[in-house]
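S.K.: As given, the protein sequences belong to chains A and B, one line each in that order.
The first sequence maps to residues 167 to 280 in our numbering.
The second sequence maps to residues 128 to 240 in our numbering.
Think of the hints as simulated: they come from the structure by calculation, not from any bench.
There is no bait here: all hints are sound.
The calculated DSSO-like cross-link candidates involving lysine-lysine, where the alpha carbons are at most 27 Å apart (straight line), are:
#1 B:232 <-> B:204
#2 A:221 <-> A:232
#3 B:232 <-> B:196
#4 A:207 <-> B:176
#5 B:204 <-> A:207
#6 B:149 <-> A:207
#7 B:232 <-> A:207
#8 A:221 <-> A:186
#9 A:230 <-> B:232
#10 A:232 <-> A:180
#11 B:232 <-> B:176
#12 B:149 <-> B:185
#13 B:232 <-> A:232
#14 B:149 <-> B:232
#15 A:207 <-> A:230
Footprint (simulated), chain A over chain B, 3 or more residues, beta carbon under 8 Å:
#16 164-171
#17 231-238
It should be emphasised that the depicted structure is a prediction, and the values quoted were computed from it without experimental measurement.
Just so you know, even glycine gets a beta-carbon here, dropped at the ideal spot from N, CA and C.
Residues per chain are reported as follows:
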Amino acid sequence: GAVVSQHPSWVICKSGTSVKIECRSLDFQATTMFWYRQFPKQSLMLMATSNEGSKATYEQGVEKDKFLINHASLTLSTLTVTSAHPEDSSFYICSAPTGGYGYTFGSGTRLTVV
Amino acid sequence: AQSVAQPEDQVNVAEGNPLTVKCTYSVSGNPYLFWYVQYPNRGLQFLLKYITGDNLVKGSYGFEAEFNKSQTSFHLKKPSALVSDSALYFCAVRDQAGTALIFGKGTTLSVSS
Chain A
167 GAVVSQHPSW
177 VICKSGTSVK
187 IECRSLDFQA
197 TTMFWYRQFP
207 KQSLMLMATS
217 NEGSKATYEQ
227 GVEKDKFLIN
237 HASLTLSTLT
247 VTSAHPEDSS
257 FYICSAPTGG
267 YGYTFGSGTR
277 LTVV
Chain B
128 AQSVAQPEDQ
138 VNVAEGNPLT
148 VKCTYSVSGN
158 PYLFWYVQYP
168 NRGLQFLLKY
178 ITGDNLVKGS
188 YGFEAEFNKS
198 QTSFHLKKPS
208 ALVSDSALYF
218 CAVRDQAGTA
228 LIFGKGTTLS
238 VSS
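Chain A on its own, in the form it takes in the complex:
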């Protein structure tokens, strides 16, 4: 079945640095990728939708300049957390629609900013 590979699984970075998270569709073309953020024991909140070759669409309240999303090819979408701060620590998950009205999810990235 359709698989989205998400890397890294976890990352610790210093405050003020940037972190890039990658999501690759391994056996299908992902023209769209959804990016979610999840706080501990809470729901997944949609951050943005990226479409290959065009600018991402951000949800209300999400800082575009802090969470840079790039979807340069049909198999790769990236989320860069710029100038990370402790409040950006969270679990980030990507998701792509697949055939049959389904979705496939990446395994998630645990970001800790110290």
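Since chain A is already given, all that's left is putting chain B on it; use the hints.
M.R.: Only chain B this time, still in chain A's reference frame:
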């Protein structure tokens, strides 16, 4: 706007007993409904979905859910719970093809032995 409600933060059941995790939804068009399970620090695992057709949907690991249009509900059920079913369960909805899923807040299922 679409929304999903999971009224219970936690559901506790004994192993071998039936379990129900509740979900209600609100969409403007036809609902596409999903259930996912999440284990700690892991991504989401798909359990089942309702798109159209039979109101009773059977999914992975013995789970099933019943779509009730009049009550706008899509409760997740399993006849006999296992300790290994203990996890965080999410109900999700969308009303258009290709759009992002909107998730409920999640329900923690705890199955005791």
